[in-house]
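So the protein lines, in turn, are chains A and B. Following the working numbering, the numbering of the first sequence begins with 1 at its first residue and continues without gaps. Following the working numbering, the numbering of the second sequence begins with 1 at its first residue and continues without gaps.
Read the hints as simulated data drawn from the structure, not as lab findings. Some clues are possibly wrong.
DSSO-like, lysine-lysine: derived pairs with alpha carbons at most 27 angstroms apart [said to hold, decoys possible]:
1. A:K82 - B:K360
2. A:K17 - B:K399
3. B:K82 - A:K17
4. B:K417 - B:K487
5. A:K82 - A:K150
6. B:K128 - B:K82
7. A:K32 - A:K17
8. A:K105 - A:K33
9. B:K445 - A:K150
10. B:K284 - B:K360
11. B:K245 - B:K28
12. A:K79 - A:K32
13. B:K446 - B:K198
14. A:K33 - B:K284
15. B:K82 - A:K79
16. A:K32 - B:K82
17. A:K79 - A:K33
18. B:K28 - B:K213
19. B:K245 - B:K360
20. B:K28 - B:K8
21. B:K284 - B:K245
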Amino acid sequence: MSEVFHHRFPTYDVLDKWDSPSWNDQTRAVVKKRLEDVPERRFLTEGEWEILTAICDRLIPQPDRGNRPVPIVPFIDEKLHKNQGDGYRYDGMPPMREAWRQGIKAIDEEARTRWGGGFRDLPHNQQEAVLRAIQHNDTRSEVWQGLPPKQFFSSLLLRTTVSVYYAHPAAWSEIGFGGPASPRGYVRLGFDRRDSWEAEERHDG
Amino acid sequence: MTDSPRAKDGRAPDVFRRGGWVPMRCYKDEDEVDFAIVGTGAGGGTLACKLAEAGFSVVAFDAGPFWRPLEDFASDEYEQRKLFWLGERIVGGENPVQLGDNNSGQSVGGSTVHFQMVSLRIGPDRFKARSRLGYAVDWPVEPEEMWHYYDLTEDALKIAGPVDYPWGPPRRRYPYRQHEMNAAALVLARGCEALGIKWAATPLATISAPRGKSHPCVYRGFCKFGCSTNAKQSALVTWIPNAIKAGAEIRDLAMVGRIEVGRNGRVTSLHYHREGEWRRQRAKNIVVGGYAIETPRLLLNSACPQFPDGLANSSGLVGKFFMVQSNHAVYGTFDEEIRWYKAPPSLAVTEHWNYTQTGKDFPGGYAYMSQGPLAVEWADTMTGQRGLWGMELRNEMAKYNHQAGLKIVGEVLPQEKNRVELADQTDELGLRIPRVVFSYGEEDKKLYQHAIRFMSAALEAAGGKDIWSAEDTAHLGGTCRMGTDPKASVTNADGRCWDIPNLWICDGSLFPTVAGVNPSLTIQALAWRAGDRIRELARRGEL
């Protein structure tokens, strides 16, 4: 799998609008907390936290960010600590907290069953192979008993990971999303129309 | 800030001023009010206003907080999850329905606080699906009457829409001018024109010119996550302030858990949880407007020796005929920059397939609209539908500004086996949680397959490349259907329960069919009608 991110908006940082009329006080408060007040570990064990970190590194690889990746696991842990669900649970799935505990353990066991080592210790390509097998319900470990692998992967693991990442201003910037826009909003709406406070796309010659 | 109720001690939040208050009449629990209403959304909020204006004493309860949008709503998808009903529900069946952000609100104003403002009418023939079109069932109200109430409701909400709407019987021009089309909407237009069908600016409940203390829409695009400028004409900024002005009391953060029945078989009071304790409000009439999951849940959770199967359930139909609307979509990549995060997400619509009967192999109808998902929503679609992750996902996400899409609101036919029932598990208040069972029928599948074929062709004709389709559902309906036969319905056309004459229902649960349009305008029109009917019944001494 390619490990290169192609920057389309290299000069755009949504945070440059912080003091502009596109941001209001309540938005600044919420985003400031997300940037500066990254939650401590409260629900997962240290071991679970480390395995999940390795998993999230494959689901959302950030080699371009060096040692300053967008934090993901802390916000998953916070969600689990507060037991904040999504409003529904599939018939046959354990309650959210149990599902995560079992799922993390099962992914690690799946890695051992297939490759003879814990998930964290595998090279990237083998980690990806484990995750892809789980995504397709092709599992060998006994630890999945009572937890549908594909359902866990899609509806909890991947969905939550990706929601946390794309809720971060760095992710807004990299896709050219306008981000917060109150009270100013936008004026130019048509094809190829851009307000001066929107991301400018790089057009390679 | 919203852990404790705001609407109490003679005042309620002023939704138009930061930190502001308005005076509010308050009742005691032991006062026997004329109407206690459960839920303050499109159904309950509208009815609370109408009944208070008619001179009844009204207390309306909502499980959610009473927001001041100007100070409480951030431009942030994650934070604004606070608008959704996130209490756990079990989903099952062959096509389990994703709940939460998609279709359930928990705020004063209900789901209208986060709806996308699409305000379409159900076509006259669709109200008589059985007798005129040969499928499903008829509504017990006449289309002409519903269309009269649509006129009133559209004017009350100052719907912004076209001068000439291309489908259905002639109607007046919309009260406010239509909004400017964004590129995502122009993609829909191109596709329709290429395939030879009509399109229009979507009639929307967000104002295109100043109204009172609301400014025109600034096209910030966060509609689904709460409008922080009050351009959106939600129940929170329309019916609720007017209800309070007319003497209604709104109780926020008040979860109703049980309705009590007296020895005479009439309801006498409701039990609600507020500020850490269970309390009991007496009432001459109780209206349930909790939408198609919470309404049957409350009726079933109120089972008592007189009504062991739940209230209003002699037909056995409480919770049955649960419906969603199919919400399938096609997406493609365009050479042009679309930047679909700007402006209301569904600015353009075609109702062609609601009004034609030729060229289709299914009885229902559908509308389709342009789309504008924000970052997290779009990522959720990419992962949920295409299973993308890793660097592939990040690079696909980076094409965000070149994407456009078309999405249906498709009619799902009523099936008795689709249902809301009680699970064994209880919530933090000790109330049994709902289990929602749903499977598409054959006609439903034909409808969305047709839509995907047609919209794919439209998107391609508009210049889209790499087209793919996605499945989803939107909106809820049924579960306490109204009708003309007490054995085959839960209420009559007024929402009055057949079994208990002082128990009423006022929300999308009443819908015998959902048609192919967003339900909010119809729920409000129906609530307005119920308000008029109740006033008339009271005048005749028939309450």
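- prompt: Going through the earlier hints one by one, which of them does the structure break, listed in rising order?
  reply: 1, 6, 8, 10, 14, 18 and 19
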